[in-house]
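> Based on these hints, arrange chains X, W and F on the given structure of chain U.
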Amino acid sequence: MRYLYYPGCSAEATGKAYDISTRALMGKLGVELVELDDWNCCGATSYFSVRELDSFAIAARNLAIAEKQGDEDLCVICNACYTTLAKTNRYMAESAEVREAVSGALGAVDRTYSGNKPVRHIMDVLVNDIGLEALGEKVTRRLTGLKVACYYGCQYSRPMGDFDDPEFPVTMDKFFQALGAEVITDFAGKAKCCGGMMMLTKEEGALRMCHELLKGAHDAGADVIVCACPLCEMNVEGYQPRVNKTFGTNFDMPVMYFTQLAGLAFGADPKQLAIDKQIVSCDRVVAAIPA
Amino acid sequence: MTELATTLEALAVHKQFCEDVLNMPGGEKIKICQQCGTCTGSCPTSYLMDWGPREIIAAFRAGMIDRVVKSNTIWLCTSCYSCTVRCPAGIKITDLMYELKRLAIKYDLAPKDGKAPAMTKYFIDSVHKHGRNHEVELMAKFMLTKDWGLPFKFAGTGLKLFTAGRLPLFAKNIRGRDELDKISAYLEAQEAKAQ
Amino acid sequence: MSTNGSNGFEPRLIGFLCRWCSYNGADLAGTSRLKYPPNMVPIKTNCSGRIDATHILKALKEGADGVLIAGCHPGDCHYINGNYRTAGRFPLTQKLLEQLGLEHGRVRLEWVSAAEGDKFARVVTEFTEQIRALGPLGWSAQFVDESVAAPAAEKEAVPA
Amino acid sequence: MAEDRIAVYFCHCGSNIAGKVDVDKVVAWAAEQPNVAIAREYKYMCSDPGQDLIKEDIQQHGINRVVVAACSPTMHEPTFRKAAAAAGLNPYLLQMANVREHCSWVTVDKGEATEKAKRILNAQIHRLPFNEALDPIEVPVNPAVLVVGGGIAGIEAALKLAATGKKVYLVEKNPSIGGHMAMFDKTFPTLDCAACILTPKMSAAGKDPNIELMAYSEVVEVDGYVGNFKVKVKKKARFVNTDTCTGCAACLETCVVRKVPSEFDQGLGKRSAIYIPFPQAVPLRATIDAEKCLTLKGKKCKQPCVTSCGPGAIDFEQKDELVELEVGAIIMATGFELWDPGQDARYGYGRLDNVITSLEFERISNASGPTNGEIVCKNGEPPKSVAILHCIGSRDLNYQEHCSRVCCMYSLKFSHLIKEHLPDTEVYELYIDMRCFGKGYEEFYRRLMDEGVHMVRGRAAEVTDLAMSPEEEGRLIVKTEDTLLGIVRRIPADMVILSSGLAPAKDAKAVSQTFGFGCSGDGFFLERHPKLEPVSTITDGIFIAGCCQYPKDIPDTVAQAGAAAAGALALVDNPTVKVEPTISYIDPEKCAGCHICVGLCPHVAIRYNEELKVAEVITAACKGCGVCVAACGSNVPQQHGYLDNQIFAEIEGAMAF
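Residue numbers (this note's numbering), protein chains in the order written: chain U, 1 to 291; chain X, 1001 to 1195; chain W, 2001 to 2160; chain F, 3001 to 3657.
Keep in mind the hints are simulated off the structure, nothing from the lab.
Check the hints yourself; a few may be wrong.
Said to hold, decoys possible - Sample of chain U residues with no beta-carbon within 10 Å of chain X, all distances over it, derived:
hint : residue
1    : Arg23
2    : Gly27
3    : Leu29
4    : Val31
5    : Glu67
6    : Lys68
7    : Glu137
8    : Lys147
9    : Gly195
10   : Glu204
11   : Ala220
12   : Gln272
13   : Ile279
14   : Asp283
As the list claims (entries may be wrong) - Result set (SDA-like, lysine to any residue): computed pairs, CA atoms no more than 25 Å apart in a straight line:
hint : chain 1 : residue 1 : chain 2 : residue 2
15   : W       : Lys2119   : F       : Lys3509
16   : X       : Lys1115   : U       : Gln272
17   : F       : Lys3509   : W       : Asp2076
18   : X       : Lys1121   : U       : Asp38
19   : X       : Lys1015   : U       : Phe247
20   : X       : Lys1160   : U       : Ser281
21   : X       : Lys1141   : U       : Arg51
22   : X       : Lys1160   : U       : Phe247
23   : X       : Lys1029   : W       : Leu2034
24   : F       : Lys3110   : W       : Leu2034
25   : U       : Lys215    : X       : Gly1158
26   : X       : Lys1160   : U       : Gln272
27   : F       : Lys3292   : F       : Thr3242
28   : F       : Lys3110   : W       : Asp2076
29   : U       : Lys202    : X       : Leu1109
30   : F       : Lys3578   : W       : Ile2080
31   : U       : Lys245    : X       : Leu1159
32   : U       : Lys202    : X       : Lys1029
33   : X       : Lys1193   : U       : Glu204
34   : U       : Lys215    : F       : Lys3479
35   : W       : Lys2035   : F       : His3402
36   : U       : Lys215    : F       : Glu3473
37   : F       : Lys3292   : F       : Pro3370
Backbone N, C-alpha and C fix where the C-beta goes; we use that ideal spot for every residue, glycine too.
If we strip away everything but chain U, and leave its shape as in the complex, we get (with noise of 0.2 Å):
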């Protein structure tokens, strides 16, 4: 199995473990991760408030890019670039300006893009492609006894991801059941927003964003909360202190990339994982997985 593969901005820096552990969990399933050449920004939601049209030819560069580099499918791992290069590819569809203007935009760098390489999200990619019967194979820690709350953010299967539903998406307690964790499958906040660059606009509704969606994983009892955004894990994990000082709580709730918990179960070891780059320590977590 070969997958091109958009590692996002935030991959190089606040999301680096994000990357890291995808490339180590990927090497464990034997999926071949081809990094697409010279990729650009997805251009992400500030883009859009622009121009829209330079949103989607910015992104579709990486695309026409993508296109030229193989014939495999583009695999995403942030929730807000698969948004972006999924949303030009409807777009393109949908709309004949934005097929003429993005055709336009890209002839002036000498590049063409036809508008049908498949953006795929990386759970996508293991849940449909590999399949669940698959990976519980491969699993040599299975998660037992973990009780995992999967944070799956807002632009993981909204408005794009057929994959799973828009509201309520079930994918990755699904893909954590297969390896043998305990998955708070009710978890209310499994889809809401965390507050994304809001963060740093306007720090109280972001603050109380990520303080209800601690509260609905900390009441639910889960052992680690996992993610499948670098934005929504830098905000739940990175801002514990600060909602704990806004709202007079005490949360200590680990918070990984769901990359590096399952890298774990198929047996690479933490440091692989980058688990160490996390600010709330993971040991707990890693230490409660049975050998």
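Same frame as chain U, now just chains X, W and F:
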């Protein structure tokens, strides 16, 4: 009616603004909003907004453009898309918020002291400079210009991130970063041509 | 007819509509006051299965630039499966027409139900534009040799 | 043959046609056309003076062909053909040119509309000389009527028809008739007990000598045509002899499989594998659920039902049975399905306890329901707060665009029932628009406001169990914007009722295909005309009533059932019916006997005459699709009313300029 545009020039901008919004992909759906409040009720930040998304749509339809662009609403959208997937009229509210931000900037109607507009600008500067968003540079710039207090609030977390190697000081530049400028220049030229 | 097309060409179209679904769909487009180009004259038959190559040839020969056949959706036919006969025959008809030099796209088959007024309006609009893009056919001028032409309507006594 | 003298009548239809088409111009042009003897315009051709114009011209001016350019022939062709016949002209020598639905209403430009009207009219002027005088075919009518669906609509229609002495077959797929209404506790706005007003009708339908009740049966095949339908009905095996079963229910208590979710109780109550869905069932007979019964699944069972049954009615060998019926008319009353709120995960239906559908609440509040009418949560405690969420799956472009019409009112009824049972319970109605359109409905709304129900204008955004304050702990929280206040509210509730919309039955499309009429865009059965023929379908002889056509309340359903019964009666009360003579014929002199049409005829109406070596049309079986004409390489079969020459002439006329 102080909120309604009065001068001829303002009226022209006003008209163009309305047309721009209705002409965005799916923009015509705004006309069939039944003011049910699903968007505002679903929005995680509506309690911080001067007007919720439902009221923004109502104000837009009433021609109260000043209220729309002067509100903090459009800058508080976190792009969680809850409203968009739930709207019974199929209005792409998240896209609408982007469109309103874009037009507020274009017609120079955005609040001058806002943090969110600045964040948007720095983000795009960073991407155009490096080809990727350099998070450290973005945060540093933002803190220096818009929020002096943030470094202190953020200090604990920031230090931990830094020591964990999650805040690299130097940006990686992509080879094709001039392409992004060319793409933007092309689209800008097209837009100018169309007008 | 006004000449508001970019090239001044107004297509002339014939539309064969089955009485139960498509004709009613066209009626619904009217009742709903939907607007579409005036280029197509509808002709009613009981079932789309009634229409064969001679009718299409006749229309093209008389000066039509395009022909639409519209019937009930598969499964909805008032005559059990008359529209399946239409669907089965259509590719052969197209092949025949192509051998006569007709461009692809001048003859179109669509399923329009009695509830699909909007679809009917859309189909006629699209089809008109499609034929406008293809340009005039001009077969009426070419059919000098009546032996290859479609039959003319002739009065003939028929047993009732 | 006499000279063709065509009269052209161009109808203004008020401004409907004349507002777009230059009538004077078209009429002046028409008068110049070959064979046209008279061309007139008139404001309303369908009026009596309009029809009189046609009659006078036929009688006084020797007119022998007529074209009326007006509305769609579906609308007034029968009107004008009748007028022509009254004046002594064969009605099939009159054609209509549809210049309203196909022209004036759909064209923007006046000049273009005028030109198109001329083409449409010219096609008919060219066609008319080729029209033949035809006589409608008169066929006998079977006086029996089939009613499909035994809810309130089907029961009402069956009773009305039976009262006129007609034989009625009432087919119901469930073991008992009664439909959704039998599940309700009270009915709005009068609060009549649903059982009190429905049970007598159910029982009357069960006893009426003119009604043959076929419960636990489904229609599998329909053939034939108006006045003469042949219908195959599958009587599903009940594994109980309904002639000997007395409905004593002794077997129910003995069955060892006792925890089957009861369909009638919306899964909230349990039934046994052998069951009677509810005590007032008609017919009051037991049924064995083949998927649950141990014996029928091939497992071991001591069969206590057999030993407990005095009359020995249990019959494990019973098989499905196919019954053939012949009827003259059919009434469809197949009802609706509740929209499944599990499709939209934000309401938590199926995931969060105490989030229930409206039908589930009907059963909970029903004295014979699973809680004996006690309004309680899953834990048995009465709710201190109930939120009722309107427009679930209705008025939503993501799901169903239509308004389900009954939800506002049944929601208000729920509020009343809750307030009546639990006066201290807070009740919240979350609505977009309160639609109380019927007799006594607005009054009921006011009454409920007076009873202290909280009316919150806003469509619920979501239901969650994530408590953010102590008073929310352990409860459901409904998030909604109160749009009149412009704030987001978190309403704590112990029970959330989802006022789900009415959806077309899942098999509505398949059923409509079996019977040969269509569904509209919303998935409900399509009526022939939304205003003037709301109970007819495009298939003559098949009528519709109740929620299979569109969501409606009980008064409207009953009214429509009566109208459908009247429509059916108007048909089957006649000994014969006239059907269109537009059928095919084959000239034996020309037929080469190649067989191709024989196999292609959808109605098996062509047979091969071995003696003459030619194909023949069976006149009584031909329905006039014309497939045989198109199939024949030498166009030997021809179809009256749609002769090749007539179609060719129409084309020539349409393309003449």
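> Which numbered hints turn out to be false for this structure?
9, 10, 13, 16, 19, 28, 32, 33
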